[in-house]
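Protein chains in written order, with our numbering: chain A, 1 to 346; chain B, 1 to 346; chain C, 1 to 346; chain D, 1 to 346.
These aren't lab readings, by the way, just hints derived from the structure by calculation. Take the hints with a grain of salt, since some may be wrong.
A pair counts as met if it fits within one copy or between any two copies, since identical chains are not told apart.
Unchecked claim - Result set (DSS-like, lysine-lysine): computed pairs, CA atoms no more than 25 angstroms apart in a straight line:
hint: 1; residue 1: Lys262; residue 2: Lys5
hint: 2; residue 1: Lys102; residue 2: Lys160
hint: 3; residue 1: Lys256; residue 2: Lys46
hint: 4; residue 1: Lys46; residue 2: Lys259
hint: 5; residue 1: Lys46; residue 2: Lys270
hint: 6; residue 1: Lys46; residue 2: Lys262
hint: 7; residue 1: Lys5; residue 2: Lys101
hint: 8; residue 1: Lys259; residue 2: Lys270
hint: 9; residue 1: Lys79; residue 2: Lys262
hint: 10; residue 1: Lys270; residue 2: Lys160
hint: 11; residue 1: Lys262; residue 2: Lys3
hint: 12; residue 1: Lys46; residue 2: Lys101
4 protein chains.
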Amino acid sequence: MNKTKVGIINVTGYAGVELARLLYQHPQVELTSVTGRSAAGQRIGKVFPHLASLDLTIEAELGGVDLAFSAMPHKESAKEVIPLLNRGVKVVDISADFRLKKADEYQSWYGFTHPAPQLLKQAVYGLTELYRSQVTSAQLVANPGCYPTGAILALAPVVKEGLIEPDIIFDSKSGVSGAGRTLSLQTHYSEANEDTTAYALDGHRHLPEIIQELRLLGPGQSLSVTFVPHLIPMTRGILTTGYASLASGRVAAGEKGEKELKQLYQDFYKDEPFVKVVETPPHTKHTWGNNLCLIYPTIDHRTGRLVVISCIDNLVKGAAGQAIQNMNLMLGLPETTGLETLAVYP
Amino acid sequence: MNKTKVGIINVTGYAGVELARLLYQHPQVELTSVTGRSAAGQRIGKVFPHLASLDLTIEAELGGVDLAFSAMPHKESAKEVIPLLNRGVKVVDISADFRLKKADEYQSWYGFTHPAPQLLKQAVYGLTELYRSQVTSAQLVANPGCYPTGAILALAPVVKEGLIEPDIIFDSKSGVSGAGRTLSLQTHYSEANEDTTAYALDGHRHLPEIIQELRLLGPGQSLSVTFVPHLIPMTRGILTTGYASLASGRVAAGEKGEKELKQLYQDFYKDEPFVKVVETPPHTKHTWGNNLCLIYPTIDHRTGRLVVISCIDNLVKGAAGQAIQNMNLMLGLPETTGLETLAVYP
Amino acid sequence: MNKTKVGIINVTGYAGVELARLLYQHPQVELTSVTGRSAAGQRIGKVFPHLASLDLTIEAELGGVDLAFSAMPHKESAKEVIPLLNRGVKVVDISADFRLKKADEYQSWYGFTHPAPQLLKQAVYGLTELYRSQVTSAQLVANPGCYPTGAILALAPVVKEGLIEPDIIFDSKSGVSGAGRTLSLQTHYSEANEDTTAYALDGHRHLPEIIQELRLLGPGQSLSVTFVPHLIPMTRGILTTGYASLASGRVAAGEKGEKELKQLYQDFYKDEPFVKVVETPPHTKHTWGNNLCLIYPTIDHRTGRLVVISCIDNLVKGAAGQAIQNMNLMLGLPETTGLETLAVYP
Amino acid sequence: MNKTKVGIINVTGYAGVELARLLYQHPQVELTSVTGRSAAGQRIGKVFPHLASLDLTIEAELGGVDLAFSAMPHKESAKEVIPLLNRGVKVVDISADFRLKKADEYQSWYGFTHPAPQLLKQAVYGLTELYRSQVTSAQLVANPGCYPTGAILALAPVVKEGLIEPDIIFDSKSGVSGAGRTLSLQTHYSEANEDTTAYALDGHRHLPEIIQELRLLGPGQSLSVTFVPHLIPMTRGILTTGYASLASGRVAAGEKGEKELKQLYQDFYKDEPFVKVVETPPHTKHTWGNNLCLIYPTIDHRTGRLVVISCIDNLVKGAAGQAIQNMNLMLGLPETTGLETLAVYP
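With the rest of the complex left out, here is chain A (with noise of 0.2 angstroms):
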């Protein structure tokens, strides 16, 4: 059998890497090509040494692929993306430059005028649970942010069931490698080590693609989202606890309440292969590596407030994972193709 030629714009990012790693264990498509405008020329192995096994040289340009995944920064992403999907390469893009449907709303956000506006309602946002069919027959899929994948599968089930009040916040912990490869006094190690600080508190640009996603989800409830994002020294994992108030009389009070909710969600994601409602605080380590979501919902009976706390390894579910899953539906495979490691524990 012949696999699909898939390739990666921009491998020398953290997420590139990551699909680079994903990719060399998928059964049914081949890395053929990959891009990196400072390492052009050089073997990849050279770069980064746990790719040696790849027989692989970073190109200036992408060779012809079947797929491309760019892994450019936003703005430089699109003005790759835009002639593949001209010569009809599907795309998954890992940057945000396709995940907000609404080009002022981009604008506003990134500070500059959306290239292809016409592209955004075409694109499909990527967070598989929610648009399985859509990516299915997609060509281009815009690949959802870190941040927003585990905030919104956290509450998609109480969003969709209109069971919280309109108030949401999001307190998410995140690994120093969702801030990238670039370096910064922010990721430096004798900075990030044994330190946590909270950032971005006059808004997160992964904000309007979690709100977006929401209202979509619960239209017509007025959704008010605060989100504030906190650096904590570990490589890889997000944590986010969502807290929201119980919409009254829509969820019985105390243990039968609590029965009723963890039943909405085990239900809501009963056939999702990598979202795991499970049944005690969950630990990023237990995604280290992996593309699983997992999922605590439960209710602070004090003062009747909804807490979910939902765990991905960012890079995986968080990036290059997902966008292998979205791959896989995009090329008639089934989803899980390549993404059934356990996470790496201890």
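Given the structure of chain A, go ahead and fit chains B, C and D onto it with the hints provided.
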């Protein structure tokens, strides 16, 4: 000048050794007696090499001192403290035994009858910034828990002024030393490293303490508090993110309201040597090893929600440092004596 | 095709769960039985959430399997293994019980009489690269210790060729998971984090294993080995730095000698799927979660001293991965089956 | 009493801010001027929040002081220091510019001609324990490198007494802050975390310093030193393991020799306030934030090899703390002034 003699009951936990470290650099008191059942009879430097400069043998029973710190676990602590009080010794109790004003609440959270309910009224809750004058004349100070210290200081100004709606959420991120020196799987290195998790979702024992104090600050506000602690992979530090909706009409909109809010915090803490209202989101690292609490109040203007972040070193302002701050007042010394060191950075 | 049935004795330690993780992704064998005294009767996913995909209950006694891994502690392991061997089951023993060829040496290092000294000759030392053909036909393989794996592979080529003086020093740096899942103060998070220390300075139990194997490679060389292990604050990985003086006249001076040396290593390991001789100093991170051993040989030209660095993941090539590498050979499967994943980076 | 005025050239690196932290708690000197090109004009607390208590603005040029610390990089430092010396200011230079006695050696290791070779003789190598009397009367002290401090102190007693063979190996493990505050991929959090590597295998610039000083201690011994530094995932601390063979017949065999050796170390360092010969393998954590060097000498009785372990905080005894120790002597103050704090543990 004769130095005041002080002692530590149960020096062998992390709060105990931190007390020993800080007292060693205190110019006005002398640590003359330390106890610890399991290590009784050993030189302190044998058990804790970093304390080898202290000329002390760990004892089974506390020697004669003017003031004692109890770093015993709850329930055990009360037993040790009561006879000392009867002998006229001043006591700073680091355990939870005298923090809650109501004996029945104590019973419901700690699972046994309080042995000396009459002392609950006499004891002063040692959050120094709120109870300075009472601490000064107290014989028994109940040193606050680490989480309550950061949480209460974060919202005290707005609760006192009645500026927020009654629904309050505290999302706290704590370093692992907060869980103490007792071995557990949760705090085993390979489990806690590269991991984050929430815990005590059915109610952490620090919650009643937080509620008690906030309600005293804002009587009649019907405060409803959700508190979710998280364990993060670092040794020291607690960052607490507090969320509440601004009460309608009490704070101006936009930048003006933000400015008023910051001014309120600056005014509230303007004479406090150990609370600093900062202008950028604080890092736990900037309190590493010292007695500061850094507070950053801000408004999420999209939602009109108040977000306040506080940082402390859980073993210093969250335990041993605050205990010495209280001791200074109880002994008539300047409050900052022995506590002026800067954070150890990076 | 029927998969071969395999089992794990004592799945509840870190080597045990790592075996389970790796076997889950193995296409030719099926993990059908796992034991663990303390957790017997529980679903494996209850105790280890990252293994929830495995449809297994932890048992008190091993079920019928064709090949068993024993991840019991030493002494206990022999007791479990002997009856299995008598029943004709193939065994890979991850404990130290069958590694030393001489029963008296075993006794002097482990403090009790070996229960089955006749098996010591029969057992094959499972450093696959050195004993491939014997492993292929073995019924009992003694899987090497984590430190010996990295140390022996680092110097095997030069010892075999007689290129070094007999004085050898191994300075090893190990992640904390090497100390296992059993609780201890040494591996308590707040103690091990931000700390480094040497330990077992009066002789680590892996030393006789290293000496035994190096002497077999270089008989008559009177090798004298000093081995000092260090604990460093990371979960996985061992980096070993080996030092020895070059034998006079055996290696050319300067760059020429360096080239010869590197060529010798390249030749020695040229057909090895899991040993890579690398051109820059290796990082433990580049073996994170996979079965590679990276080796970097170099000469300190100022002193004519050989310095060789090796990196492994202590739980994979240093334990579970190598065990499966051996299993593959014992079952007549390609050696790399189920072990082809790349390291998880960053 | 008037305090002596001191200044810091280039306060913006880790050695610079550590000097500021330690000087803040010094009772006899006042930090009156700090420079830093990139941050000139800013309040020090703006750039380094943990130093907000210092009433200082970072300047472009150093103000009038009696003694200056230079924390400039090498080459730059000499340029700053020479005019100060000409004005009669005392200087502790933390850079490498005046450590090597021979200008040609400086040139070969640092790649350019030393701008003031005549000062190399005048400069005193500031390893206080070895050059106390010279430091006391020096105008220019060259503060030792972090690695040389731990390495030289580890073997000074046996080199001085001629008890070892000339082949010496130092295997050092350093926290990441030793690489400074300048950004690099090597010190990017996600790269350095959960990783260990060796570096500078073709010769670290601290090697000539180590050799120079050991040869001065043991002239005529033809010492041959191999030094391999390793980066380990922690912020502070260096643990150095030194290896050498005992000279034949100079130390008794067995326990007797071990005892003699320990006694030699105890005697050698018996009056040293900052060097402690310890009875169990030391932890870097036990020097966290203070000026101690812990030394543990032992003999590998199987091979007759000496193994000596030393621990320091690279930013204190390895840089800023030792600089202040030297300053104290240069100013006629007790050597320990301002440096008596205990290590911050855990």
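Quick rundown of the hints versus the structure:
no.	hint	verdict
1	Lys262 x Lys5	neither (42 angstroms within a copy, 36 angstroms between copies)
2	Lys102 x Lys160	within (22 angstroms within a copy, 43 angstroms between copies)
3	Lys256 x Lys46	between (58 angstroms within a copy, 23 angstroms between copies)
4	Lys46 x Lys259	between (53 angstroms within a copy, 19 angstroms between copies)
5	Lys46 x Lys270	between (43 angstroms within a copy, 19 angstroms between copies)
6	Lys46 x Lys262	between (49 angstroms within a copy, 17 angstroms between copies)
7	Lys5 x Lys101	neither (29 angstroms within a copy, 52 angstroms between copies)
8	Lys259 x Lys270	within (16 angstroms within a copy, 48 angstroms between copies)
9	Lys79 x Lys262	neither (44 angstroms within a copy, 43 angstroms between copies)
10	Lys270 x Lys160	within (16 angstroms within a copy, 47 angstroms between copies)
11	Lys262 x Lys3	neither (41 angstroms within a copy, 37 angstroms between copies)
12	Lys46 x Lys101	neither (40 angstroms within a copy, 40 angstroms between copies)
Violation of the numbered hints given earlier is confined to hints 1, 7, 9, 11, 12; the remaining hints are satisfied by the structure.
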